[in-house]
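Here is how the chains run, residue by residue.
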Amino acid sequence: DTAVSQTPKYLVTQMGNDKSIKCEQNLGHDTMYWYKQDSKKFLKIMFSYNNKELIINETVPNRFSPKSPDKAHLNLHINSLELGDSAVYFCASSQLGGTGELFFGEGSRLTVL
Amino acid sequence: AQSVTQLDSQVPVFEEAPVELRCNYSSSVSVYLFWYVQYPNQGLQLLLKYLSGSTLVKGINGFEAEFNKSQTSFHLRKPSVHISDTAEYFCAVTPPGGKSTFGDGTTLTVKP
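Sequences listed follow chains C and R, in order.
Our numbering numbers the first residue of the first sequence as 1 and each following residue consecutively.
Our numbering numbers the first residue of the second sequence as 114 and each following residue consecutively.
It is worth saying that the hints were derived from the structure and are not from the lab.
Given the structure is predicted, the values throughout are model-derived calculations rather than measurements.
Where hints are given, some of them may not hold.
When the alpha-carbon atoms are kept at most 16 Å apart in a straight line, the in silico EDC-like pairs for lysine to aspartate or glutamate are as follows [as the list claims (entries may be wrong)]:
| no. | chain 1 | residue 1 | chain 2 | residue 2 |
| --- | --- | --- | --- | --- |
| 1 | C | 52 | C | 106 |
| 2 | C | 44 | C | 58 |
| 3 | C | 40 | R | 198 |
| 4 | R | 171 | R | 133 |
| 5 | C | 40 | R | 133 |
| 6 | C | 40 | C | 85 |
| 7 | R | 182 | R | 121 |
| 8 | C | 52 | C | 30 |
| 9 | C | 41 | C | 85 |
| 10 | C | 71 | C | 24 |
| 11 | C | 19 | C | 82 |
| 12 | C | 41 | C | 106 |
| 13 | C | 67 | C | 106 |
| 14 | R | 224 | R | 198 |
| 15 | R | 212 | C | 18 |
| 16 | C | 36 | R | 129 |
| 17 | R | 162 | C | 101 |
| 18 | C | 36 | C | 85 |
| 19 | C | 67 | C | 101 |
| 20 | C | 41 | R | 179 |
| 21 | C | 19 | C | 85 |
| 22 | R | 212 | R | 121 |
| 23 | C | 41 | R | 217 |
| 24 | R | 162 | R | 177 |
| 25 | R | 212 | C | 101 |
| 26 | C | 41 | R | 121 |
| 27 | C | 40 | R | 201 |
| 28 | C | 36 | C | 106 |
| 29 | C | 22 | C | 70 |
| 30 | C | 9 | C | 70 |
| 31 | C | 22 | C | 106 |
| 32 | R | 212 | C | 58 |
| 33 | C | 36 | C | 58 |
| 34 | C | 44 | R | 198 |
| 35 | C | 52 | C | 18 |
| 36 | C | 71 | C | 58 |
Next comes chain C alone, as it looks inside the complex (with noise of 0.2 Å):
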């Protein structure tokens, strides 16, 4: 039974198209986050979301927009692909008030032609 799911895996798409990654946690967490992991492994927060509400905004362009629609959920959408955005993007939760742990999805990896 995953923890935090995410889907789709994979994404390949050309530049300038649409896509959407969704992500589910069954842990029962307040707190879900979007991580961006480039080409050289460095991970960089975007989003965090605490019950629905947008906490976290780390200088992300505004062609991405997260979505929660439930504490469980926190979908990411992105508009307007551009060969940077290429990598792999983990969806996490925590526990608000805990020790910060965090829980990862096991990565959707985005590839723009």
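Once you have looked at the hints, place chain R on chain C.
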């Protein structure tokens, strides 16, 4: 604000040898400390964490780490590595109620 420096970007080591992956951090407030491991084509998973108490913490797969407050370090060690330990290792710090700050990662490659 916090920062995390992983002192080695790549660590090659032979199987059954000991290994140490170094992590230094800076923070103006107390933080929790974490090591995560990322196996090829997988997400990150928790290896171990330091919250309080004993400065030597043990994690999964035989790894341990020692918190050194005076040196603001949290180095990860394993006395004898296996091929299956080949992975990317990330050190992270989190202030209570705050967001995590990750290091740039260390690639551990275990050779036969």
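Restraint check for residue 162/R with residue 101/C, where alpha carbons must lie at most 16 Å apart
8 Å, holds
With the threshold set at 16 Å, check whether the alpha-carbon distance from residue 36/C to residue 85/C stays at or below it.
Roughly 9 Å between the alpha carbons, so the hint for residue 36/C and residue 85/C holds.
Would the hint linking residue 40/C and residue 133/R be met if the CA-CA limit is 16 Å?
Violated, at roughly 21 Å.
Between residue 9/C and residue 70/C, does the CA-CA distance stay at or below 16 Å?
22 Å, violated
Hinted pair, alpha-carbon criterion (16 Å max): residue 224/R, residue 198/R. Please report holds or violated.
The hint holds at about 10 Å.
Would you mind confirming whether the straight-line C-alpha gap from residue 41/C to residue 217/R stays at or under 16 Å?
Status holds; Cα separation ~7 Å.
Under the criterion that the straight-line Cα-Cα distance not exceed 16 Å, is the pair residue 162/R, residue 177/R satisfied?
9 Å, holds
Residue 67/C and residue 101/C: Cα distance at most 16 Å?
At roughly 22 Å apart (the allowed maximum being 16 Å), residue 101/C and residue 67/C break the hint.
Is the hinted pair residue 41/C and residue 121/R satisfied, with a Cα-Cα distance of at most 16 Å?
Status holds; Cα separation ~14 Å.
Could you grab the alpha-carbon distance between residue 212/R and residue 18/C and see if it respects the 16 Å cut-off?
29 Å, violated
Residue 19/C and residue 82/C: Cα distance at most 16 Å?
11 Å, holds
Residue 41/C and residue 179/R were given as a pair; does the straight-line alpha-carbon distance stay at or below 16 Å?
With Cα atoms ~25 Å apart, residue 41/C and residue 179/R exceed 16 Å; violated.
Violated hints for the displayed structure, listed by number in ascending order: 1, 3, 5, 7, 13, 15, 16, 19, 20, 22, 30, 34, 35 and 36.
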